[in-house]
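Asker: Sequence:
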Amino acid sequence: LSQRTSRVRLGQMVGCALYRNPAMLAKITSTIDVISGGRLDWGIGAGWYEHEYAAYGFGDEFWLGRADDWTGEGEPEGRLPSARDRIRMLEETVEITKLLWSEPDAHYDGRFYRLRGAQCDPKPLQRPHPPIWIGGGGEQLTLRVVARHADRSNFGGKPHEWSHKADVLRRHCDAVGRDVDEITMTWSPEIHVRATEAEIVDGGSRSFWGEPFESWREGNLVGTPEQVCEKIAAYRDLGCGGIVGWCSDLPDTETLELFAAEVLPEFR
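Letter 137 of the sequence shown, counting from 1, is numbered 278 in the numbering used here, and no numbers are missing.
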(Lines of atoms letter the chains of each structure in order from A and count residues from 1; the text may use other names and numbers.)
(Lines give C-alpha, C1' and ligand atoms only; values in the text may rest on other atoms or scores of the structure.)
Protein backbone atom coordinates (compact mmCIF):
# COMPACT_ATOMS: atom_id res chain seq x y z
CA LEU A 1 0.00 0.00 0.00
CA SER A 2 2.84 2.41 0.80
CA GLN A 3 4.19 1.95 -2.72
CA ARG A 4 0.84 2.49 -4.44
CA THR A 5 -0.07 5.69 -2.59
CA SER A 6 1.63 9.01 -1.92
CA ARG A 7 -0.56 11.02 0.48
CA VAL A 8 -2.63 8.75 2.74
CA ARG A 9 -1.42 8.06 6.26
CA LEU A 10 -0.63 4.42 7.05
CA GLY A 11 -0.97 2.36 10.20
CA GLN A 12 -3.16 0.35 12.53
CA MET A 13 -5.60 2.03 14.86
CA VAL A 14 -4.48 -0.32 17.65
CA GLY A 15 -1.94 -3.14 17.53
CA CYS A 16 -1.39 -5.38 20.55
CA ALA A 17 1.89 -4.63 22.33
CA LEU A 18 2.14 -8.20 23.64
CA TYR A 19 2.37 -9.86 20.24
CA ARG A 20 5.85 -8.66 19.27
CA ASN A 21 9.12 -7.98 21.01
CA PRO A 22 9.33 -4.19 21.43
CA ALA A 23 12.73 -3.94 19.73
CA MET A 24 11.46 -5.83 16.70
CA LEU A 25 8.31 -3.71 16.67
CA ALA A 26 10.45 -0.56 16.67
CA LYS A 27 12.36 -1.88 13.67
CA ILE A 28 9.18 -2.83 11.80
CA THR A 29 7.56 0.55 12.36
CA SER A 30 10.72 2.47 11.49
CA THR A 31 10.99 0.56 8.22
CA ILE A 32 7.36 1.35 7.34
CA ASP A 33 7.96 5.04 7.98
CA VAL A 34 11.03 5.03 5.73
CA ILE A 35 9.53 3.13 2.80
CA SER A 36 6.34 5.23 2.92
CA GLY A 37 8.21 8.53 2.86
CA GLY A 38 7.27 9.43 6.43
CA ARG A 39 3.56 8.55 6.53
CA LEU A 40 3.31 6.14 9.46
CA ASP A 41 0.84 6.62 12.30
CA TRP A 42 1.72 4.07 14.99
CA GLY A 43 -1.25 2.72 16.94
CA ILE A 44 -0.54 0.51 19.96
CA GLY A 45 -2.52 -0.85 22.90
CA ALA A 46 -2.32 -3.30 25.79
CA GLY A 47 -4.48 -6.03 24.22
CA TRP A 48 -7.44 -7.87 25.72
CA TYR A 49 -8.43 -10.87 23.57
CA GLU A 50 -7.40 -13.89 25.63
CA HIS A 51 -8.54 -16.49 23.10
CA GLU A 52 -6.30 -15.07 20.38
CA TYR A 53 -3.39 -14.74 22.82
CA ALA A 54 -3.65 -18.42 23.74
CA ALA A 55 -4.41 -19.64 20.22
CA TYR A 56 -1.14 -18.26 18.87
CA GLY A 57 0.92 -19.53 21.80
CA PHE A 58 2.04 -16.20 23.18
CA GLY A 59 3.17 -16.11 26.77
CA ASP A 60 6.49 -17.63 27.77
CA GLU A 61 8.73 -15.07 26.17
CA PHE A 62 6.99 -12.22 27.97
CA TRP A 63 7.28 -13.58 31.51
CA LEU A 64 10.51 -12.90 33.37
CA GLY A 65 9.19 -14.20 36.68
CA ARG A 66 8.57 -10.72 38.05
CA ALA A 67 4.92 -10.24 37.14
CA ASP A 68 2.50 -9.48 39.94
CA ASP A 69 0.23 -12.44 39.32
CA TRP A 70 2.73 -15.23 38.53
CA THR A 71 4.96 -16.77 41.20
CA GLY A 72 7.30 -18.43 38.73
CA GLU A 73 5.78 -21.85 39.42
CA GLY A 74 4.02 -23.84 36.75
CA GLU A 75 3.55 -22.89 33.13
CA PRO A 76 2.42 -19.35 32.23
CA GLU A 77 1.87 -19.89 28.50
CA GLY A 78 -1.56 -19.18 27.13
CA ARG A 79 -2.49 -17.07 30.13
CA LEU A 80 -3.13 -13.43 29.35
CA PRO A 81 -1.29 -11.20 31.84
CA SER A 82 -3.38 -9.10 34.20
CA ALA A 83 -4.67 -5.75 32.96
CA ARG A 84 -2.17 -3.96 35.20
CA ASP A 85 0.76 -5.96 33.81
CA ARG A 86 -0.43 -5.57 30.22
CA ILE A 87 -0.50 -1.80 30.65
CA ARG A 88 2.98 -1.87 32.18
CA MET A 89 4.15 -3.90 29.18
CA LEU A 90 2.47 -1.38 26.88
CA GLU A 91 4.28 1.52 28.51
CA GLU A 92 7.64 -0.28 28.35
CA THR A 93 6.98 -1.04 24.67
CA VAL A 94 6.36 2.64 23.93
CA GLU A 95 9.43 3.74 25.91
CA ILE A 96 11.66 1.19 24.16
CA THR A 97 10.33 2.09 20.72
CA LYS A 98 10.94 5.80 21.27
CA LEU A 99 14.49 5.04 22.45
CA LEU A 100 15.26 2.92 19.41
CA TRP A 101 13.73 5.48 17.07
CA SER A 102 16.06 8.17 18.42
CA GLU A 103 19.22 6.73 20.03
CA PRO A 104 22.20 5.15 18.22
CA ASP A 105 22.55 2.55 20.99
CA ALA A 106 19.59 1.93 23.28
CA HIS A 107 19.79 0.61 26.83
CA TYR A 108 16.71 -0.22 28.87
CA ASP A 109 16.10 -2.15 32.08
CA GLY A 110 12.39 -2.60 32.62
CA ARG A 111 10.16 -4.90 34.57
CA PHE A 112 9.38 -6.98 31.50
CA TYR A 113 11.89 -6.02 28.80
CA ARG A 114 15.61 -5.24 28.59
CA LEU A 115 17.90 -3.78 25.95
CA ARG A 116 21.71 -3.84 25.89
CA GLY A 117 23.09 -1.54 23.24
CA ALA A 118 20.28 -2.29 20.78
CA GLN A 119 20.26 -0.50 17.44
CA CYS A 120 17.53 0.43 14.99
CA ASP A 121 18.58 1.76 11.60
CA PRO A 122 17.47 3.51 9.54
CA LYS A 123 15.58 5.79 11.90
CA PRO A 124 12.04 6.96 11.06
CA LEU A 125 11.88 9.94 8.72
CA GLN A 126 9.33 11.80 10.85
CA ARG A 127 10.81 13.90 13.62
CA PRO A 128 10.86 13.74 16.55
CA HIS A 129 9.07 10.47 15.73
CA PRO A 130 5.95 9.14 13.97
CA PRO A 131 2.69 10.07 15.73
CA ILE A 132 1.94 7.62 18.54
CA TRP A 133 -1.67 6.56 19.07
CA ILE A 134 -2.26 4.72 22.36
CA GLY A 135 -5.54 2.83 22.36
CA GLY A 136 -7.87 2.36 25.30
CA GLY A 137 -9.81 4.50 27.70
CA GLY A 138 -9.09 2.98 31.11
CA GLU A 139 -9.25 5.94 33.43
CA GLN A 140 -6.82 4.87 36.16
CA LEU A 141 -3.97 3.31 34.17
CA THR A 142 -4.28 3.54 30.39
CA LEU A 143 -5.04 7.24 30.18
CA ARG A 144 -2.11 7.90 32.49
CA VAL A 145 0.14 6.21 29.91
CA VAL A 146 -1.55 8.27 27.20
CA ALA A 147 -0.77 11.45 29.14
CA ARG A 148 2.90 10.51 29.39
CA HIS A 149 3.55 9.26 25.88
CA ALA A 150 0.80 9.63 23.27
CA ASP A 151 0.40 12.13 20.46
CA ARG A 152 -3.13 10.91 19.69
CA SER A 153 -5.91 9.39 21.79
CA ASN A 154 -9.07 7.89 20.33
CA PHE A 155 -12.37 7.52 22.23
CA GLY A 156 -15.76 6.18 21.26
CA GLY A 157 -19.05 6.97 22.91
CA LYS A 158 -21.89 9.43 23.06
CA PRO A 159 -21.05 13.13 23.52
CA HIS A 160 -21.16 13.05 27.33
CA GLU A 161 -19.06 9.86 27.40
CA TRP A 162 -16.47 11.28 25.02
CA SER A 163 -16.31 14.52 26.99
CA HIS A 164 -15.82 12.61 30.25
CA LYS A 165 -12.84 10.67 28.85
CA ALA A 166 -11.35 13.92 27.58
CA ASP A 167 -11.68 15.47 31.05
CA VAL A 168 -9.98 12.47 32.67
CA LEU A 169 -7.10 12.73 30.20
CA ARG A 170 -6.76 16.43 30.97
CA ARG A 171 -6.41 15.64 34.67
CA HIS A 172 -3.73 13.03 33.97
CA CYS A 173 -1.86 15.54 31.81
CA ASP A 174 -2.00 18.07 34.63
CA ALA A 175 -0.63 15.44 37.02
CA VAL A 176 2.39 14.67 34.82
CA GLY A 177 2.99 18.30 33.85
CA ARG A 178 2.05 17.99 30.20
CA ASP A 179 -0.07 20.34 28.10
CA VAL A 180 -3.12 18.35 27.01
CA ASP A 181 -3.18 20.33 23.75
CA GLU A 182 -0.10 18.33 22.71
CA ILE A 183 -2.43 15.33 22.36
CA THR A 184 -5.01 15.22 19.57
CA MET A 185 -8.17 13.57 20.90
CA THR A 186 -10.31 11.88 18.25
CA TRP A 187 -13.65 10.11 18.12
CA SER A 188 -14.27 6.59 16.79
CA PRO A 189 -17.85 6.16 15.52
CA GLU A 190 -19.54 3.83 13.13
CA ILE A 191 -20.63 5.84 10.09
CA HIS A 192 -23.91 5.21 8.29
CA VAL A 193 -25.23 7.85 5.89
CA ARG A 194 -28.35 7.82 3.76
CA ALA A 195 -29.93 10.55 1.64
CA THR A 196 -33.19 10.66 3.62
CA GLU A 197 -34.39 10.23 7.20
CA ALA A 198 -36.85 7.57 6.06
CA GLU A 199 -34.02 5.38 4.76
CA ILE A 200 -32.22 5.66 8.08
CA VAL A 201 -35.29 4.72 10.13
CA ASP A 202 -36.48 1.97 7.80
CA GLY A 203 -33.02 0.40 7.73
CA GLY A 204 -32.89 -0.08 11.50
CA SER A 205 -29.72 -0.66 13.46
CA ARG A 206 -26.65 -1.64 11.47
CA SER A 207 -24.48 -1.66 14.58
CA PHE A 208 -21.36 -3.78 14.43
CA TRP A 209 -21.80 -4.39 18.17
CA GLY A 210 -25.52 -5.18 18.02
CA GLU A 211 -26.72 -1.95 19.68
CA PRO A 212 -30.42 -1.04 19.54
CA PHE A 213 -31.27 1.58 16.94
CA GLU A 214 -31.68 4.65 19.16
CA SER A 215 -28.54 4.00 21.18
CA TRP A 216 -26.57 3.21 18.03
CA ARG A 217 -27.72 6.41 16.39
CA GLU A 218 -26.96 8.59 19.41
CA GLY A 219 -23.38 7.40 19.80
CA ASN A 220 -22.37 7.20 16.14
CA LEU A 221 -22.49 9.12 12.87
CA VAL A 222 -25.86 7.88 11.68
CA GLY A 223 -28.16 10.07 9.61
CA THR A 224 -28.51 12.21 6.53
CA PRO A 225 -25.47 14.21 5.37
CA GLU A 226 -26.85 17.32 7.10
CA GLN A 227 -27.42 15.47 10.38
CA VAL A 228 -23.96 13.92 10.24
CA CYS A 229 -22.39 17.34 9.68
CA GLU A 230 -24.22 18.71 12.73
CA LYS A 231 -22.98 15.86 14.92
CA ILE A 232 -19.38 16.25 13.76
CA ALA A 233 -19.57 19.95 14.57
CA ALA A 234 -20.91 19.13 18.06
CA TYR A 235 -17.97 16.83 18.80
CA ARG A 236 -15.57 19.40 17.39
CA ASP A 237 -16.99 21.91 19.88
CA LEU A 238 -16.17 19.46 22.69
CA GLY A 239 -12.51 19.51 21.64
CA CYS A 240 -12.49 16.55 19.27
CA GLY A 241 -9.67 16.89 16.76
CA GLY A 242 -10.67 14.26 14.22
CA ILE A 243 -12.65 11.13 13.40
CA VAL A 244 -11.45 7.55 13.12
CA GLY A 245 -14.56 5.86 11.79
CA TRP A 246 -15.69 2.90 9.79
CA CYS A 247 -18.64 2.47 7.47
CA SER A 248 -21.24 0.11 8.88
CA ASP A 249 -22.61 -0.85 5.46
CA LEU A 250 -19.41 -2.10 3.84
CA PRO A 251 -18.88 -3.63 1.32
CA ASP A 252 -21.71 -1.42 0.06
CA THR A 253 -20.26 2.02 -0.75
CA GLU A 254 -23.29 4.28 -0.32
CA THR A 255 -22.12 5.68 3.03
CA LEU A 256 -18.60 6.21 1.71
CA GLU A 257 -19.82 8.02 -1.39
CA LEU A 258 -22.28 10.29 0.45
CA PHE A 259 -19.71 11.09 3.14
CA ALA A 260 -17.08 11.99 0.55
CA ALA A 261 -19.45 14.08 -1.56
CA GLU A 262 -21.57 15.88 1.04
CA VAL A 263 -19.85 15.72 4.45
CA LEU A 264 -16.10 16.05 3.93
CA PRO A 265 -16.35 19.30 1.91
CA GLU A 266 -17.99 20.99 4.93
CA PHE A 267 -14.89 20.43 7.06
CA ARG A 268 -12.05 21.19 4.68
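One should not assume that every hint holds.
[Stated by the list, open to error] DSSO-like, lysine-lysine: derived pairs with alpha carbons at most 27 Å apart: (1) Lys239 / Lys264; (2) Lys168 / Lys264; (3) Lys299 / Lys372; (4) Lys239 / Lys299.
[Unchecked claim] Simulated restraints on C-beta separations: (5) Val342 / Leu397: 19 to 25 Å; (6) Gly258 / Gln368: 29 to 35 Å; (7) Pro245 / Trp387: 20 to 26 Å; (8) Gly382 / Glu193: 27 to 33 Å.
What the hints contain is simulated information worked out from the structure, not anything from laboratory work. We put the CB at the ideal spot given by N, CA and C, even for glycine.
Asker: Okay, which hints does this one fail, numbers in order?
Answerer: Numbers 4, 6 and 7 - these are the hints that the structure violates, sorted from lowest upward.
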